[in-house]
Amino acid sequence: MVDTSLELFGCGHRACGGCGPALAARLILKGAGENSIVAASTGCMEVFSTPYPETAWQVPWIHSLFENASAVASGIEASLKRQGRSEHVLCICGDGATFDIGMLCISGAFERGHDITYICYDNEAYMNTGVQRSGATPYDASTTTSPAGKESFGNKRPKKDMPQILVAHGAPYVATASVAYPNDLMQKVERAVNTPGPCYLQIHAPCSTGWGFEGGKTMEIGKLAIQTGLWVNFEMVDGEIAKAKKVVRKPVDEYLMAQKRFRHLFKPARNEEEIAKIQAIADANAAKYGIDIKPKE
Amino acid sequence: MMEIMEGSHAVAEAVKRCRPEVVSAYPITPQTHIVERLAEFVADGEMESDYLTVDSEFSALSACVGASAAGSRVYSSTSSQGLILMAEVCFNASGMRLPIVMSIANRALGAPLSIWNDQQDSIALRDSGWFQLYAEDVQELVDYHFLSFRVAEDHNILLPAFVCFDGFILSHTYEPVDIPDQEEVDAYLPPFNPYQKLDATDPISMGMYATPDYYMEFRYELDRAMERASRAIKDAGQAFGEQFGRSYGSLVEEYRMDDADTALVALGSICGTVKDAVDEMRDAGRKVGLLKLRSFRPFPKEEVAKALDGVSQVAVLEKNISPGSAMKGAVGLEVKDALWKTGIDVYSYVIGLGGRDVRKKDIAAVVDLAERGRGDMFYGLREELI
Numbered sequence: 575m576v577d578t579s580l581e582l583f584g585c586g587h588r589a590c591g592g593c594g595p596a597l598a599a600r601l602i603l604k605g606a607g608e609n610s611i612v613a614a615s616t617g618c619m620e621v622f623s624t625p626y627p628e629t630a631w632q633v634p635w636i637h638s639l640f641e642n643a644s645a646v647a648s649g650i651e652a653s654l655k656r657q658g659r660s661e662h663v664l665c666i667c668g669d670g671a672t673f674d675i676g677m678l679c680i681s682g683a684f685e686r687g688h689d690i691t692y693i694c695y696d697n698e699a700y701m702n703t704g705v706q707r708s709g710a711t712p713y714d715a716s717t718t719t720s721p722a723g724k725e726s727f728g729n730k731r732p733k734k735d736m737p738q739i740l741v742a743h744g745a746p747y748v749a750t751a752s753v754a755y756p757n758d759l760m761q762k763v764e765r766a767v768n769t770p771g772p773c774y775l776q777i778h779a780p781c782s783t784g785w786g787f788e789g790g791k792t793m794e795i796g797k798l799a800i801q802t803g804l805w806v807n808f809e810m811v812d813g814e815i816a817k818a819k820k821v822v823r824k825p826v827d828e829y830l831m832a833q834k835r836f837r838h839l840f841k842p843a844r845n846e847e848e849i850a851k852i853q854a855i856a857d858a859n860a861a862k863y864g865i866d867i868k869p870k871e
Numbered sequence: 471m472m473e474i475m476e477g478s479h480a481v482a483e484a485v486k487r488c489r490p491e492v493v494s495a496y497p498i499t500p501q502t503h504i505v506e507r508l509a510e511f512v513a514d515g516e517m518e519s520d521y522l523t524v525d526s527e528f529s530a531l532s533a534c535v536g537a538s539a540a541g542s543r544v545y546s547s548t549s550s551q552g553l554i555l556m557a558e559v560c561f562n563a564s565g566m567r568l569p570i571v572m573s574i575a576n577r578a579l580g581a582p583l584s585i586w587n588d589q590q591d592s593i594a595l596r597d598s599g600w601f602q603l604y605a606e607d608v609q610e611l612v613d614y615h616f617l618s619f620r621v622a623e624d625h626n627i628l629l630p631a632f633v634c635f636d637g638f639i640l641s642h643t644y645e646p647v648d649i650p651d652q653e654e655v656d657a658y659l660p661p662f663n664p665y666q667k668l669d670a671t672d673p674i675s676m677g678m679y680a681t682p683d684y685y686m687e688f689r690y691e692l693d694r695a696m697e698r699a700s701r702a703i704k705d706a707g708q709a710f711g712e713q714f715g716r717s718y719g720s721l722v723e724e725y726r727m728d729d730a731d732t733a734l735v736a737l738g739s740i741c742g743t744v745k746d747a748v749d750e751m752r753d754a755g756r757k758v759g760l761l762k763l764r765s766f767r768p769f770p771k772e773e774v775a776k777a778l779d780g781v782s783q784v785a786v787l788e789k790n791i792s793p794g795s796a797m798k799g800a801v802g803l804e805v806k807d808a809l810w811k812t813g814i815d816v817y818s819y820v821i822g823l824g825g826r827d828v829r830k831k832d833i834a835a836v837v838d839l840a841e842r843g844r845g846d847m848f849y850g851l852r853e854e855l856i
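Order-wise, the sequence lines are chains V and A.
Residue numbers for the first sequence, in the working numbering: 575 to 871.
Residue numbers for the second sequence, in the working numbering: 471 to 856.
Bound conformation, chain V alone:
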């Protein structure tokens, strides 16, 4: 059982108001517990939580480089095994570190079968460097390197399906979660760290600064992603879908209109063609994971 009173991510860190990743860190540690070691990647969370000589981390924490947290975690796990120690080994890394620059190390660590839990806090762009697109950036999102313009509707490609890549590595437990559903998130972390072998958890972590919404609306945005089907909370156990959160879906417009990164789809005029493409992504998600609850007539 998750001890929700446990606070292992200290206050006083330097995150923006309403930071989804900061909330994710707090919830992850509640789920993982005190007997944990964290390997982090370079990124927002690393910077806002460890300005020397202060640290928000009340579990052992190491940051080496941007792209190598999973390899560092491999070494930690091997060392603990030799020493007969039992701490859970977690990676907590952003989407750039996960989807892009760290792919090689992640693939190697999962193939080797280390007993680690890799958690990606997914805020869908390189936020630490000023909101540049990553492989996790959704279709049509405007970022500083995929700006909407006269010849562009924003990011040209849909989000990479990272969880399925880890499923293909034979990971025993692959799941997604959202900071907007804290109990579900904590329970998934607890399950992942207690599942032997390499597990992957991808957490939707809205970024008010990068996505363009008021910091008080983080939970609301997170919920809208789920309710529109643009984010699906699911669990895959041994390669099979074990659970997916069902919803009475709302049109994607509600999620898109609430964020500045999609504003170009509505101004100066509503872009029916592009919004239809995004709706199709949500429809495909819903079909793939079977999340639709049919409203009663």
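I should point out that these hints are in silico values taken from the structure, not numbers from a laboratory.
Wrong hints could be hidden among the right ones.
[As the list claims (entries may be wrong)] Cβ-Cβ distance ranges computed for the label pairs, FRET-style:
#1 V:Thr718 x A:Gly565: 23 to 31 Å
#2 A:Tyr665 x V:Ser660: 19 to 27 Å
#3 A:Gln666 x V:Lys868: 54 to 62 Å
#4 V:Ser660 x A:Asp779: 55 to 63 Å
#5 A:Glu510 x V:Gln738: 36 to 44 Å
#6 A:Asp693 x V:Gln706: 29 to 37 Å
#7 A:Gly565 x V:Arg837: 36 to 44 Å
#8 V:Arg837 x A:Asp672: 47 to 55 Å
#9 V:Gln738 x A:Asn663: 41 to 49 Å
[Unchecked claim] Not close to chain V: a few residues of chain A, all C-beta gaps over 12 Å, as computed:
#10 Met475
#11 Glu483
#12 Ala539
#13 Arg543
#14 Val544
#15 Gly580
#16 Glu653
#17 Leu668
#18 Asp693
#19 Glu712
#20 Gly825
#21 Arg829
#22 Leu839
Quick reminder that beta carbons are idealized off the backbone N, C-alpha and C, glycines included.
Since the structure of chain V is already known, use the hints to place chain A on it.
Chain A in isolation, oriented as in the chain V frame:
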């Protein structure tokens, strides 16, 4: 007991006796025989280590960072492109003061691709904060591993180490070598006692981010540790000599330097050839000697100045090239600095790159050039290709 053994296998025997808990490596020629042999030791239960067969050299050293930070003695080995791929991790490991020991089978860097020997790889990582020892023969190569772990893990040092040796020339050569018994190594190299480690019962944060208010002092401390390493390597080398009869109590070795007028300076296996060439030149009445550098980082400035005091000219043999540098070689600059204001002429000779053979007559020709005041040049180019 003396045995005839391939250099790489001798390294593996030495590493086994250092008892690393975690070995993490990726295959690259000419380092492969080391990691293959270590894998056999683990497979046969002769070595109680976790052996990580990783996806790249980058991951190999990253895993070493994690294992070292968690409190284990760790070992890796690489060469050439592999070392350059690790470069980012190298700077990081020394910044976190993790005492990792890594054998470097020195090999040229592409392009063009070359699997053959020079020392460009480790010299290029001069400023990465690892101390660098260079072995002349297989015996030194073996002994430097015990010495390096002892110095690296010293709580007054806490620096990672390269044990450098010339690819193929030492890695694939069979030489008589004494591999000390496990008990003797245990007496010289105590079990790893980490200064600090990742431990859930005593949480610390490692590798934090430092603002301009704090960053510089970390680099200062790293440099100070490197300065202290000079003394620590000599002390460990002397202690090694007292126990094993082979002393490394100096960062340099002088060969027939008494009354020498021209001194050659070199690192690594080329010193064997140079010694033979010096003997021949001495027989011919020429006052020539060799100053062998065991360590490039820390650079033994005082010992170099003392050993070269009284010579007229110095010829530095460089198995590296720093394009655009006036001296061309990286080692010559350091030697020149050590001899600043002495009036002694110091010349660099870029030689033997990409495995080009260096013969005794080439050494003699370099001495001729130095004595005629010609240097800071490539030696042994095929003029017809230029």
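Hints, one by one, checked against the model:
For Thr718 (chain V) paired with Gly565 (chain A), a C-beta distance near 30 Å keeps the hint of 23 to 31 Å intact. Checked against the given bound of 19 to 27 Å, the beta carbons of Tyr665 (chain A) and Ser660 (chain V), roughly 23 Å apart, stay inside it. Judged by the Cβ atoms, the range 54 to 62 Å given for Gln666 (chain A) and Lys868 (chain V) holds: they are separated by roughly 58 Å. Taking 55 to 63 Å as the suggested C-beta distance range, the pair Ser660 (chain V) and Asp779 (chain A) conforms, at roughly 60 Å.
Against the hinted window of 36 to 44 Å, the Cβ-Cβ separation of Glu510 (chain A) and Gln738 (chain V) comes to about 38 Å, which satisfies the hint. Range check, Asp693 (chain A) to Gln706 (chain V): Cβ separation about 35 Å, and the 29 to 37 Å hint holds. Against the hinted window of 36 to 44 Å, the Cβ-Cβ separation of Gly565 (chain A) and Arg837 (chain V) comes to about 42 Å, which satisfies the hint. Between Arg837 (chain V) and Asp672 (chain A) the beta carbon distance is about 49 Å. The supplied range of 47 to 55 Å therefore holds.
Separated by about 45 Å at the C-beta atoms, Gln738 (chain V) and Asn663 (chain A) satisfy the suggested range of 41 to 49 Å. The claim that Met475 (chain A) is not at the interface with chain V holds, since no C-beta of that chain comes within 12 Å of its own (minimum 28 Å). With a least CB separation of 21 Å from chain V, Glu483 (chain A) remains clear of the 12 Å interface cut-off, as annotated. Under the 12 Å C-beta cut-off, the non-interface status given to Ala539 (chain A) relative to chain V is violated; the minimum distance is some 5 Å.
Chain V draws Arg543 (chain A) into its interface by the beta-carbon criterion, the shortest separation being 9 Å against a cut-off of 12 Å. A beta-carbon of chain V comes within 12 Å of the beta-carbon of Val544 (chain A); the shortest separation is about 7 Å. Once the 12 Å rule is applied to beta carbons, Gly580 (chain A) is consistent with being away from chain V; the minimum gap is 20 Å. Chain V leaves Glu653 (chain A) outside its interface by the beta-carbon criterion, the shortest separation being 22 Å against a cut-off of 12 Å.
For Leu668 (chain A), the non-interface assignment is contradicted: its Cβ lies about 4 Å from the closest Cβ of chain V, within the 12 Å cut-off. With a minimum CB-CB distance of about 19 Å to chain V, Asp693 (chain A) clears the 12 Å threshold, and the non-interface call stands. Its beta-carbon lying about 32 Å from the closest one in chain V, Glu712 (chain A) satisfies the requirement of being farther than 12 Å from that chain. Distance check for Gly825 (chain A) against chain V: the nearest CB is about 30 Å away, which clears 12 Å, and the non-interface claim stands.
Listed as a non-interface residue, Arg829 (chain A) keeps its Cβ farther than 12 Å from every Cβ of chain V; the least gap is roughly 43 Å. The beta carbon of Leu839 (chain A) sits about 45 Å from the closest Cβ of chain V, which is more than 12 Å, so the claim that it is off the interface holds.
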